[in-house]
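Both chains are sitting in their own frames, so use the hints and assemble them into the complex.
Here is how the chains run, residue by residue.
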Amino acid sequence: MLKIIGLGNILRGDDGIGPAVIEELRTVKFTFPIELIDAGGDAFNILDQMISKQPLILIDCARMGEKPGEIVTFKLDQVNLKWAEQIVSLHGFGLSEIYQMAQHLGADAECTIIAVEPKSIEFNTGLSQEIRMSIPRIIQTVIQESKNYAQKNINN
Amino acid sequence: MRKDLNIDVHHITRVEGHGNIVVDMKNGRLKTAQLEIVEAPRYFEAMLKGRNFNEVAIITSRICGICSLGHQMTSLKATEAALGLEISEQTKILRKILVNGSTFQSNVLHALFLATPDFLNVGSVFPLVDTHKDVVLAALRLKRLANDIGDVISGRAVHPISCVPGGFTKLPTQQELKGLLEKLINEGKPDAKYAVDVMATLLDKIPDFKRETEYISVYNDKEYGLYDGDICSSDTGLYPVEKYLQVTNEFIVVHSTSKHARFNRNSYMVGALARFNNSHKLLKPEAKKAAQKLGLNAPNYNPYMNSLAQMVEVVHCIDDTIDLITILLDCTIKDEKPNQEPTRYGRGIATTEVPRGILFHDYTYNRQGSIETANCIIPTGQNLANIDDDMKKLIPEIIDEPKEQITHKLEMLVRAYDPCISCSVHMLDVEFIE
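Protein chains in written order, with the numbering used here: chain A, 1 to 156; chain B, 1001 to 1434.
Chain B on its own, in the form it takes in the complex (with noise of 0.2 Å):
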């Protein structure tokens, strides 16, 4: 049995987030099992103070390209909660729209381009545009087809502008409604269930690795929790929003520039598996027969089948917006305007999953309608200490393996959280010192 091993997995160049994944073992002793976090930390809660509420909403849709739309609502409701501002239900519809076409856009591109690469050990996508065109093409189809839903619902197919605190400032009309659901149910069904069937095929090639760890995902119990709910811990249950710094509580440690969270246990995880295994009851029930194809049963403490989860996520959000499309066409679209008359000033906490896992946003506003304080959390920080733990249980497990087949597997297992620095740990050039 192996006693020393050293792995430094380094990358600085080209990508939005750094991560280094390190290992030192010595004399069969794990000293060091670590995602390293070197990105410069960018004070997005900096940025918003001072800003009215009418800007808070766009700035925060920047702050990552990919959950740019998840920033947006859940800011969008941070700011409602903090002024007082009611919705109406068509309101909750359409941005329930956005949230499932961005839930679906980012799910099947990192599942199908970001991690399927991992299953078939060919590095990275490009190499699956000559192999397997057909899957490639069909997940490009499905995002476009959320951009059109963003095109329709808000206005623009990247970056929304027409959904504003307390409202929509231009509304879909029937007819471009009746337009995306003739898509969804057209090609962006057959597409996801293609989808599936391909990951089906891949299912031997996931590591075979089991840690049971504290889920939490927002829980709603009339539907799949994405846009709104509780906080909910596998552990301990349901938890208001208001509640969130109890469950996040936030550490420094020192080979990260992001903060970690922990709440009942040593760590914890959120993103596509924390949902299936909190939520899966509320599933539509295509994507349980695809949770049934992909092999994946409630729970499941295998961090790798999270793309696997991601997928059976796509196949909901799908039959959840043709589901919520219907609601809106039989009903027909009311021309309401935002309310955008704040009826108190003060501090609002919102949550809502975005494709990485639970996000929260807690403003505090003054009087003049700016923001005073901001605070953030986002998923990815959420997961870091969960990444820890399963290399820590991981490398002992696999310690006889060849060197390159280990790395292989704990950069496998960092792209398996899907999280925003998935792309540098994609590109790491890997260092082995004996």
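Bound-form chain A, shown alone (with noise of 0.2 Å):
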């Protein structure tokens, strides 16, 4: 089982484009289990699945110093810790300090991070244009990654 998870708040500009990616897969046909989860802005929700040692891709809005709409894929590990830090929750627990935490409680999983560069994360604003235009490519990025995964458990 592969999990999709949307992080971000719907009321919180680009910061939704986490679940609004969420909600369009759900009308994608997965030829493989896979689990869609809207995770909301709660980082202990993340910290839960990480630790459930299955596959993980989450989607997020990053502040990267790229174009809004800029898509950037990349595995959650120590080297790329510092682009994880991007990457914020509540609570005062970012993804970075999640999956450290997640590690010392031994967790296994791989995780892929698809982080979007957002224009406004403004309460109140909707999605801007720049992350609407994205969106297609997102749903592409995460179709891949998932075949990815498929593909490694069938060599498997």
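Take the hints with a grain of salt, since some may be wrong.
[As the list claims (entries may be wrong)] Listed below are the simulated DSS-like cross-link pairs for lysine-lysine, each with C-alpha atoms no more than 25 Å apart in a straight line:
(1) B/1026 / B/1409
(2) B/1133 / A/53
(3) A/3 / B/1170
(4) B/1183 / B/1092
(5) A/3 / B/1183
[Unchecked claim] Residues from chain B shown here face chain A by an in silico Cβ test under 10 Å; the list is partial:
(6) 1047
(7) 1061
(8) 1125
(9) 1133
(10) 1144
(11) 1393
[Unchecked claim] What the simulated footprint calls covered on chain B by chain A, stretch by stretch (three residues with Cβ under 8 Å from a Cβ of chain A suffice, anywhere in the stretch; the number is not a length):
(12) 1136-1143
(13) 1154-1163
Worth flagging that the hints you see were computed from the coordinates, not collected in a lab. Glycine residues also receive a C-beta, built at the ideal position from the N, C-alpha and C atoms.
Here it is in structure tokens:
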């Protein structure tokens, strides 16, 4: 089972890209078992998923200095922790801290981050046009990453 | 005795809320002791204006990532009151189960992940992963159990979709409820007991501080007040929810972008300790035992004990959920459709206890079923004046302790209230100015 998780608050502009992509993915037919999770803004939801040993794909917006709507995909590991620090969650726990905590708790699930550069995360603004335009590319990225996981499982 | 003290605990980055602790004492006179809230206003009420009654609860559930279920419930009840939508007993029971789940989830995470590091003076939860791994895992199992409740009862683990104005669009099966019941009995109860046992070993770490204040919570003479009831003041008794503005009396202060509140005194407290003080007689027997084990007797005037009251509620909510699911299984789930035929359009006011305290939503709908005006009063705002008053009493009592210790106790005090800004206070850089 592959878990695909959208992080973010739909009331906060482009921060809502994670949940928006999850809703789009509900209409996609996958040929292997997946679970779609709208985790909102609570970092502890991610911690819970990370220690469950099943591979994860996380979609969230992140300030990376790219153009709004640019997508950066990376594996979450010690090397990439500084990327993960850009991803903000509630209660003072960022994704990098959650990842490190999960590692201490014995997690070894593979975690891929699909990070999207936001234009605005102001309250009550909805997704910007740049981010809306990027949704098909994000969906394609998710599907490709999912296929990679499926292929790996078949090979193993 | 120290005559001068200046503390400026300031935090800016990487959190949902921003809070600063500012203390200024000169020549033995305490000029300032306050929690500054510098977060920009979000205007949730403006977001609701013009929205149809079917959208409102979904929007409000996103106001807060942690209290999302509580906002959703309060919103649904306010909409139903405004539109004259009656709901069934089955709907009420299902909602109570959801409220229990979200309460024990939030309480256990706060008590064990955010407050316990204070008791052990370790700065954050991360060192606990190595030293107290079993209790961290128990807390995470309890969180997952609450997510399972959300999944079974409302269609999703996070941000429910099937609870709508007038009822539920999808109902759990008997089989799903039985599975949940087994998990609550076999995992939830022992994990909660274990967490209480661990907390009981930390009692000597809790600062010895008392300040009697007014305690305000939902009160219901049939059950521990969480899902519904009147407003209860420990000073002057019960008030119908429609009179909430007489109770909250919000006012503006210079040092906070969030309004403060007061009723019969200069300030009042909401949250787990307020609920415990007002409704402790209605706790389930095992929760009463947990309170005894944690040295929590009502009335309790130590705000640091709020985290212990939260753990007592964890035990209560799990046992109450077991009882509620048993009722549903005994009666078998009826295939009811949500009642979405408004009988009137007007104003509706509702209250629910969310983990951090009493929450109010107040909506006025037009004849098209869209919101014209809305007002939401959240618990953290209601606690702010009380936190300031606690600091004013506490600082002179601990003035001769080392500055680091004073700062630690002040931060710990703020976090004990489990405010939505607790994260920011957790990550504060502390600057002393002599």
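Hints not upheld, ascending by number
Failing hint: just 11.
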